[in-house]
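Enquirer: Whole structure, please, built from the sequences with the hints as guidance.
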Amino acid sequence: MSESRSVSPLSGEPISRKRFIDWLLGTTIGGLIIAVLYPVASYLVPPPAGESSVNSVTLDVKLADLKPNSGQIFKFGNEPGLLIRTPGGDVRAFSAVCTHLGCIVQYDPAHQGIWCPCHNGRYSLQGANISGPPPKPLTPYAVNVRGGEIVVSKA
Amino acid sequence: MTAPPVGRGERLWAWVDARLGLSAITPLIRKKRVPVHRHSIWYFLGGMVLFLFILQVCTGVLMLFYYRPSANEAFDSVQFMMTQVKFGWLIRSIHVWGANLMIFVLFIHLFSVWILKAYRAPREFTWFSGLGLLGLTLGLGFTGYLLPWNTLSYFATRVGTSMATVIPGIGPFVGRVLRSGNDVTGATLTRFYALHTSVLPGLVFLFLALHVLLVQQHGMSIPPGVERKSKGKVRSVPFVPNFLLHDLIGWLIALATIAALAVFIPAELGKKADMFASAPAGIKPEWYFMAPYQTLKYLPATLLGIPGDAFGVIVGGVLGVVFLLIPFLDKPRPDGTHRPVWRTVAFATLAYLIVFTYLGLRS
Numbered sequence: 001m002s003e004s005r006s007v008s009p010l011s012g013e014p015i016s017r018k019r020f021i022d023w024l025l026g027t028t029i030g031g032l033i034i035a036v037l038y039p040v041a042s043y044l045v046p047p048p049a050g051e052s053s054v055n056s057v058t059l060d061v062k063l064a065d066l067k068p069n070s071g072q073i074f075k076f077g078n079e080p081g082l083l084i085r086t087p088g089g090d091v092r093a094f095s096a097v098c099t100h101l102g103c104i105v106q107y108d109p110a111h112q113g114i115w116c117p118c119h120n121g122r123y124s125l126q127g128a129n130i131s132g133p134p135p136k137p138l139t140p141y142a143v144n145v146r147g148g149e150i151v152v153s154k155a
Numbered sequence: 156m157t158a159p160p161v162g163r164g165e166r167l168w169a170w171v172d173a174r175l176g177l178s179a180i181t182p183l184i185r186k187k188r189v190p191v192h193r194h195s196i197w198y199f200l201g202g203m204v205l206f207l208f209i210l211q212v213c214t215g216v217l218m219l220f221y222y223r224p225s226a227n228e229a230f231d232s233v234q235f236m237m238t239q240v241k242f243g244w245l246i247r248s249i250h251v252w253g254a255n256l257m258i259f260v261l262f263i264h265l266f267s268v269w270i271l272k273a274y275r276a277p278r279e280f281t282w283f284s285g286l287g288l289l290g291l292t293l294g295l296g297f298t299g300y301l302l303p304w305n306t307l308s309y310f311a312t313r314v315g316t317s318m319a320t321v322i323p324g325i326g327p328f329v330g331r332v333l334r335s336g337n338d339v340t341g342a343t344l345t346r347f348y349a350l351h352t353s354v355l356p357g358l359v360f361l362f363l364a365l366h367v368l369l370v371q372q373h374g375m376s377i378p379p380g381v382e383r384k385s386k387g388k389v390r391s392v393p394f395v396p397n398f399l400l401h402d403l404i405g406w407l408i409a410l411a412t413i414a415a416l417a418v419f420i421p422a423e424l425g426k427k428a429d430m431f432a433s434a435p436a437g438i439k440p441e442w443y444f445m446a447p448y449q450t451l452k453y454l455p456a457t458l459l460g461i462p463g464d465a466f467g468v469i470v471g472g473v474l475g476v477v478f479l480l481i482p483f484l485d486k487p488r489p490d491g492t493h494r495p496v497w498r499t500v501a502f503a504t505l506a507y508l509i510v511f512t513y514l515g516l517r518s
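Chains A and B, in that order, are what the protein sequence lines are. Each step along the first sequence adds one to the number in the numbering used here, with nothing skipped, and position 113 is 113. Each step along the second sequence adds one to the number in the numbering used here, with nothing skipped, and position 100 is 255.
Since the hints were derived computationally from the structure, they do not count as laboratory data. Hints are not guaranteed to be accurate.
In silico DSS-like links for lysine-lysine, alpha-carbon gap of 27 Å or less [claimed, not checked]:
(1) Lys427/B to Lys75/A
(2) Lys241/B to Lys427/B
(3) Lys154/A to Lys67/A
(4) Lys154/A to Lys75/A
(5) Lys272/B to Lys186/B
(6) Lys186/B to Lys386/B
(7) Lys272/B to Lys187/B
(8) Lys439/B to Lys75/A
(9) Lys452/B to Lys136/A
(10) Lys136/A to Lys439/B
(11) Lys426/B to Lys75/A
(12) Lys272/B to Lys486/B
(13) Lys386/B to Lys272/B
Computed beta-carbon distance windows for the label pairs [what the hints assert, rightly or not]:
(14) Gly31/A to Phe478/B: 33 to 39 Å
(15) Gly31/A to Lys386/B: 56 to 62 Å
(16) Ala64/A to Phe478/B: 57 to 63 Å
(17) His373/B to Ser8/A: 44 to 50 Å
(18) Gly405/B to Ala41/A: 41 to 47 Å
(19) Leu514/B to Thr28/A: 56 to 62 Å
(20) Pro9/A to Ala342/B: 46 to 52 Å
(21) Ile322/B to Val54/A: 25 to 31 Å
(22) Ala342/B to Pro87/A: 37 to 43 Å
(23) Phe328/B to Pro87/A: 38 to 44 Å
(24) Ile509/B to Gly31/A: 48 to 54 Å
(25) Lys426/B to His111/A: 22 to 28 Å
Sample of chain B residues lacking proximity to chain A, with all beta carbon distances greater than 10 Å (derived) [unchecked claim]:
(26) Val171
(27) Arg185
(28) Gln239
(29) Gly374
(30) Lys384
(31) Leu399
Even glycine gets a Cβ: it sits at the ideal position worked out from N, Cα and C.
Expert: Have a look at this one:
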């Protein structure tokens, strides 16, 4: 049986009906797959979370309650922060998220520094990464003490 | 022509067979034979993993009756199951111990296949589907670990998902999709619950079907050394009933071991995860992630100009691809023998895993 032929509008070459139907079916099936996969893939990607609008927080803890050579975690919006009081009495605050793999760090009074127990990363009292795997210093926050109240804000 | 069925049992079988065509399977069952030689013991491991997986599905389904997948309720619902529900502690302990034993047996299965070169042509796809099952099983271990929502599981997930974010280029996107946001939160728990209870088990069933089908099609692989010595004449026994009965003994031993472990060392629950508390000292992942965990500890902050953790993840990824391609890399010599290099690599990998797991457990 001879196949009826027409001419491709793009290349000017003749195309058979069979090839045209193959192309149509292939494109339709391809289109159907994309029409199903695209919404599913998009659905699985979470919508972008808005940047934390918190720029400053007033902590529950009073300066008098924070002993030298100690530290504690506080909420900075959705993020954990670390407030420390150095052995010399200075008050400092950092993001408590380890720059290595995101564990929450803690103050280590024995070593007088900041420690991440997940992979034994260590930071100085200034938040600088000094040993272990952390690649960057902790993000510092500004600390202001107003009448015994501690206010932490983005540096 | 066969004689008409006489007994009640035979008549019932004939009735069922006429409707379901079960007798068509009989030749397939008869065809399956298992070679008998000095390495035959390793043939039991695949069936053992399958048995343990079925046990995980059964205990997992039972836990679904009480578990509530939200950050506020997950821990309390598991605690309720462990303390108030009759035998709840037993079901969960069997699930936890069964998971550990399944991954342990799966690793032995993998190394026995690797060392005995069972991936040789035409079994390349059996190897691929097996590695797919290994990946899915580790995924099940990782996602299931978060579900009790305790301190350990919370930090293990923070670290594990952070490892995905260090992949160059697509890392942050992959991390966000895995966590359902920028951080490990209740949204991550819901996502892991969906993965652990439906997506990953579904994929396991698909890969398992392919794996078992290929084992059936190609038969059991005979190690090259045994094949050479026997000159192609290896004794074999029928799978049904000889080998299957031995399999059953193994499964009963596994069940008894898990039951004993569950009774004498029940699964712990720990403390409820607190997203605003420091990681506790001495925190460690499960033993099957211990070797990479310990390796990450030794990597410096930067290596060859890139962050140490990114370096570790890239090297791990490249090694994973090499591992997948072993059936093509380990080509036989013209005389049919194999170079010893891949067996040496297998033993070296095994030594690395054992030493680093030990160092991690001890640290």
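Enquirer: State for each hint whether it applies.
Expert: Hints and how they fare:
1. Lys427/B to Lys75/A: holds (18 Å)
2. Lys241/B to Lys427/B: holds (22 Å)
3. Lys154/A to Lys67/A: Holds: Lys154/A and Lys67/A sit about 23 Å apart, inside 27 Å.
4. Lys154/A to Lys75/A: holds (13 Å)
5. Lys272/B to Lys186/B: The hint holds at about 24 Å.
6. Lys186/B to Lys386/B: Since the Cα atoms of Lys186/B and Lys386/B sit roughly 22 Å apart, the hinted pair holds (cutoff 27 Å).
7. Lys272/B to Lys187/B: holds (21 Å)
8. Lys439/B to Lys75/A: holds (25 Å)
9. Lys452/B to Lys136/A: holds (16 Å)
10. Lys136/A to Lys439/B: holds (23 Å)
11. Lys426/B to Lys75/A: holds (20 Å)
12. Lys272/B to Lys486/B: Holds: Lys272/B and Lys486/B sit about 11 Å apart, inside 27 Å.
13. Lys386/B to Lys272/B: Holds, because 18 Å separates the two Cα atoms, which is no more than 27 Å.
14. Gly31/A to Phe478/B: 33 to 39 Å: Once the Cβ atoms are compared, 37 Å apart, the range 33 to 39 Å for Phe478/B and Gly31/A holds.
15. Gly31/A to Lys386/B: 56 to 62 Å: holds (57 Å)
16. Ala64/A to Phe478/B: 57 to 63 Å: holds (59 Å)
17. His373/B to Ser8/A: 44 to 50 Å: holds (46 Å)
18. Gly405/B to Ala41/A: 41 to 47 Å: Since the Cβ atoms of Gly405/B and Ala41/A sit about 42 Å apart, the hinted range of 41 to 47 Å holds.
19. Leu514/B to Thr28/A: 56 to 62 Å: holds (57 Å)
20. Pro9/A to Ala342/B: 46 to 52 Å: holds (50 Å)
21. Ile322/B to Val54/A: 25 to 31 Å: Given range 25 to 31 Å: holds, Cβ gap about 29 Å.
22. Ala342/B to Pro87/A: 37 to 43 Å: holds (40 Å)
23. Phe328/B to Pro87/A: 38 to 44 Å: 43 Å Cβ-Cβ, so the 38 to 44 Å window holds.
24. Ile509/B to Gly31/A: 48 to 54 Å: Taking Cβ atoms as reference, Ile509/B and Gly31/A lie about 52 Å apart, which means the hint holds.
25. Lys426/B to His111/A: 22 to 28 Å: With Cβ atoms ~25 Å apart, the hint holds.
26. Val171: holds (39 Å)
27. Arg185: Non-interface label stands for Arg185/B: nearest chain A Cβ at 41 Å, farther than 10 Å.
28. Gln239: holds (31 Å)
29. Gly374: Non-interface label stands for Gly374/B: nearest chain A Cβ at 36 Å, farther than 10 Å.
30. Lys384: Holds: least Cβ distance 49 Å, greater than 10 Å.
31. Leu399: At about 41 Å from chain A, Leu399/B clears the 10 Å cut-off, so the statement holds.
Checked against the numbered hints listed earlier, the structure breaks none of them; every hint is satisfied.
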